[in-house]
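**Q** The primary structure of each chain is shown beneath.
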Amino acid sequence: MTAYIVRRLLYAFPILIGVNLLTFLLFFVINTPDDMARLHLGGKRVTQEAVDKWKADHGYNKPLAINLSAQGSGKLTETIFFEKSLRLFFFDFGRADDGRNIGADIRQRMWPSLAIAIPGLLVGLFVNVTVAMLIAFFRASYIDTWGVIVAVAMMSISSLFYIIGGQFLFSKMLRLVPISGYDGGLNAVKFLILPVIIGLIAGVGTGTRWYRTIFLEEIGKDYVRTARAKGLSELTVLFGHVLRNALVPILTGVVVVIPLLFLGSLITESFFSIPGLGSYTIDAINSQDFAIVRAMVFLGSFLYIIGLLLTDISYTWVDPRVRLN
Amino acid sequence: MPDFFTNLSSFKPVFLWTDILLLLLLASMGAIGVYVSGQEHLLAPLRQVRRRALAMAALTVLLSYIGIGLLDSLHFRQKLPQIEAGQEIQYSPEVLSLLDLVVGRLRKNVERTYSAPLATHSFAKEMIEFPGGVKKRVFPPLSYGGAHLTDGLTQSADIKQTLFMGGLTGLFLAFTLFLTFSFLLSRHHRSPWKKTLHALRNNQYETAWGAILITLSLIIIMVSIVIPLSAKYHLSGTDKVGQDVLYLALKGIRTGLVIGGLTTLVMLPFALFLGIAAGYFRGWVDDLIQYLYTTLSSVPGVLLIAAAVLILQVYMDKHADSFSSITERADIRLLFLCLILGMTSWIGLCRLLRGETLKLRESEYVQAAIALGVGRTRILIRHILPNVMHIVLISVVLDFSGLVLAEAVLSYVGVGVDPAMISWGNMINSARMEMAREPIVWWSLSAAFIFMFGLVLTANIFSDAVRDAFDPRLRSR
Numbered sequence: 059m060t061a062y063i064v065r066r067l068l069y070a071f072p073i074l075i076g077v078n079l080l081t082f083l084l085f086f087v088i089n090t091p092d093d094m095a096r097l098h099l100g101g102k103r104v105t106q107e108a109v110d111k112w113k114a115d116h117g118y119n120k121p122l123a124i125n126l127s128a129q130g131s132g133k134l135t136e137t138i139f140f141e142k143s144l145r146l147f148f149f150d151f152g153r154a155d156d157g158r159n160i161g162a163d164i165r166q167r168m169w170p171s172l173a174i175a176i177p178g179l180l181v182g183l184f185v186n187v188t189v190a191m192l193i194a195f196f197r198a199s200y201i202d203t204w205g206v207i208v209a210v211a212m213m214s215i216s217s218l219f220y221i222i223g224g225q226f227l228f229s230k231m232l233r234l235v236p237i238s239g240y241d242g243g244l245n246a247v248k249f250l251i252l253p254v255i256i257g258l259i260a261g262v263g264t265g266t267r268w269y270r271t272i273f274l275e276e277i278g279k280d281y282v283r284t285a286r287a288k289g290l291s292e293l294t295v296l297f298g299h300v301l302r303n304a305l306v307p308i309l310t311g312v313v314v315v316i317p318l319l320f321l322g323s324l325i326t327e328s329f330f331s332i333p334g335l336g337s338y339t340i341d342a343i344n345s346q347d348f349a350i351v352r353a354m355v356f357l358g359s360f361l362y363i364i365g366l367l368l369t370d371i372s373y374t375w376v377d378p379r380v381r382l383n
Numbered sequence: 014m015p016d017f018f019t020n021l022s023s024f025k026p027v028f029l030w031t032d033i034l035l036l037l038l039l040a041s042m043g044a045i046g047v048y049v050s051g052q053e054h055l056l057a058p059l060r061q062v063r064r065r066a067l068a069m070a071a072l073t074v075l076l077s078y079i080g081i082g083l084l085d086s087l088h089f090r091q092k093l094p095q096i097e098a099g100q101e102i103q104y105s106p107e108v109l110s111l112l113d114l115v116v117g118r119l120r121k122n123v124e125r126t127y128s129a130p131l132a133t134h135s136f137a138k139e140m141i142e143f144p145g146g147v148k149k150r151v152f153p154p155l156s157y158g159g160a161h162l163t164d165g166l167t168q169s170a171d172i173k174q175t176l177f178m179g180g181l182t183g184l185f186l187a188f189t190l191f192l193t194f195s196f197l198l199s200r201h202h203r204s205p206w207k208k209t210l211h212a213l214r215n216n217q218y219e220t221a222w223g224a225i226l227i228t229l230s231l232i233i234i235m236v237s238i239v240i241p242l243s244a245k246y247h248l249s250g251t252d253k254v255g256q257d258v259l260y261l262a263l264k265g266i267r268t269g270l271v272i273g274g275l276t277t278l279v280m281l282p283f284a285l286f287l288g289i290a291a292g293y294f295r296g297w298v299d300d301l302i303q304y305l306y307t308t309l310s311s312v313p314g315v316l317l318i319a320a321a322v323l324i325l326q327v328y329m330d331k332h333a334d335s336f337s338s339i340t341e342r343a344d345i346r347l348l349f350l351c352l353i354l355g356m357t358s359w360i361g362l363c364r365l366l367r368g369e370t371l372k373l374r375e376s377e378y379v380q381a382a383i384a385l386g387v388g389r390t391r392i393l394i395r396h397i398l399p400n401v402m403h404i405v406l407i408s409v410v411l412d413f414s415g416l417v418l419a420e421a422v423l424s425y426v427g428v429g430v431d432p433a434m435i436s437w438g439n440m441i442n443s444a445r446m447e448m449a450r451e452p453i454v455w456w457s458l459s460a461a462f463i464f465m466f467g468l469v470l471t472a473n474i475f476s477d478a479v480r481d482a483f484d485p486r487l488r489s490r
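So the sequences go chain by chain: A and B. In terms of my numbering, the first sequence is residues 59 to 383. In terms of my numbering, the second sequence is residues 14 to 490.
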């Protein structure tokens, strides 16, 4: 078991290096620091001195990969690659264009993101699985047919409509909850209800259909027939046998997204003005702050890889066959 | 309109990059069609799709979307009127499409600002000077919407009348279509007309003609109501700069189709080549390809797209001179967006293809081919490729609707299509401000919603049918 996990860890490391190289390529080779400076100083009529000054202020005034003018190991360390890219491995994200410490911002903005993402995930999972179970229970009936039709119709609607429509209905027409905003502590609840509900409605079509397929696949298997042949009721078969076995794909599907919850949702957070990492990213994209986007790309990949690792581990936990191989 | 066609030399065709690629996409779809017609294992599931009423109804709607999109993809520049004789012929810098010609008035009838659907007066009050020097804040009448109304004809009576006449025309046309078609069908099958009607109702033909006819009739009726209404009024109102929202929604179709279709076309060669290579050659090739796609897929999609589009923006700002018009610039950006989306979406297909090839490689007929000394390329093309085609077909149709939805989200985030390009995403984006107004401006959002929902829903229904037909696991159930 330990050997397995160590092997997976070793496998994850090269991927992280690959991501790092990719961000370096995107942000420094294809899009050079000169371009970045010109973008921020505005237009083409910027003198080279101004560009150089901007680069010096933000620490981009070094060669990309090899610094020939430096001494000894400085040839490699006094470069953009070392200072900007390799430091990401130690979660040293540097400073944003406005001088703020990105790492500190991320640590602070992580919590609102989690406060909305975790309830969203749990409520969504519960409702989707329940609805899918119901549909699977009434499979090959009108309820099944119409359930799938409604699910397909619901997943054909852009998430933007759900948010705009939900804000309009619940906040503007019915005035049940504030339209957007955020507050610390327990006061946050009234701001979080609406995004969580809208997230649930927006995802219920896709989720239900996905889980229905999983359940139907399990229901077709031999052990289900055996359980029925024993004379168990359909409900016992569904909840005692099918659900337990279907938990394997459900669990692995959920585990992989858990670390990504930290990142928050770009759209939801920006619509509801929740000061999480999602709106942080959107603001960075809109103000073209490459340092933040770069940090978020790296962080996102890192969390995704952690998610993959957790998936592997949870597999060995729920399915002994993986462990024995 | 006819005078446009009398003198063809007054047009200069413009081929935008996405136009060319869309035509290429059509051509390759045709080629795939020809290829499939010779492959029994692919034809059998397609026959199953053809029999399904819902799928064929969805396909009919999809095809009408595609028709509009294609009309909108034939671009040209109009000749400018010669100011003096003997002057060099000059063309308007404005790039128009065939659709712009067809809808004519919709494009040209621009009001000053917002107006509600079917309105005759502007949405906001303005200070207007009346004859006699009196100034008053009133709702000014629109320059085009309901401009034909006279004192004897009220707006509601006119709308009712137009609706009635349009509906009648539509019913007549639909009925004619139905009669003609069922007559032809009964001639073709040499069966009495009554029997044909019965067979149509019970979906007894190899193609679900009944569903197609009903859908077509509904479309015809809808169009015959919309055309006269939108000629007199702004059927879905006007937007902030007074453009007809119906026109914007129609123009958005092409953008959606390009994003959904071209992205697939762009990524298909990658996925096919890498997936099959990884599965067939195994060893270090497999390791390398797997490493490549795991790395790419570990970057969250939106962030990768955002990063790439930001960099594209910088590049385009730097080379602003090399684009001759706004249309061209927006088009290049659309193309690159497709490329970038393709970069993130080939991974799923590649993974599937690799798995399937790994399995096929061990199958008896491939082993037999190896034993007989058949060359590697020939095995890949003759034995592996045809047997992974069903996966390609499924994932192409499944990806489409997701990509159309993604366009809206990306445009909202600010990394979507060019702001100058008409797209549903941009319409929704602007609707955010409009919903905050009092009273609210709901029509642009609703128009984008209806058009988008129609496209995505029909694409989803159709792709479901295709997947059900091709996926043997689901078929056995």
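You may find that some hints are simply not true.
As the list claims (entries may be wrong) - Pairs of lysine to aspartate or glutamate residues, derived as DMTMM-like cross-links and limited to a Cα-Cα distance of at most 20 Å, are as follows: (1) 138(B) with 447(B); (2) 207(B) with 219(B); (3) 138(B) with 451(B); (4) 120(A) with 93(A); (5) 279(A) with 484(B); (6) 279(A) with 141(A); (7) 331(B) with 93(A); (8) 113(A) with 141(A); (9) 331(B) with 141(A); (10) 331(B) with 92(A); (11) 230(A) with 447(B); (12) 113(A) with 136(A); (13) 331(B) with 136(A); (14) 149(B) with 139(B); (15) 120(A) with 141(A); (16) 230(A) with 451(B); (17) 331(B) with 341(B); (18) 279(A) with 171(B); (19) 25(B) with 139(B).
Hints are computed from structural coordinates only; laboratory data are not their basis. Predicted model, so just to flag it, every value in this text is computed and none were measured.
**Q** Tell me the numbers of any earlier hints that the structure contravenes, in ascending order.
**A** Hints 6, 9, 13, 18 and 19 not satisfied by this model.
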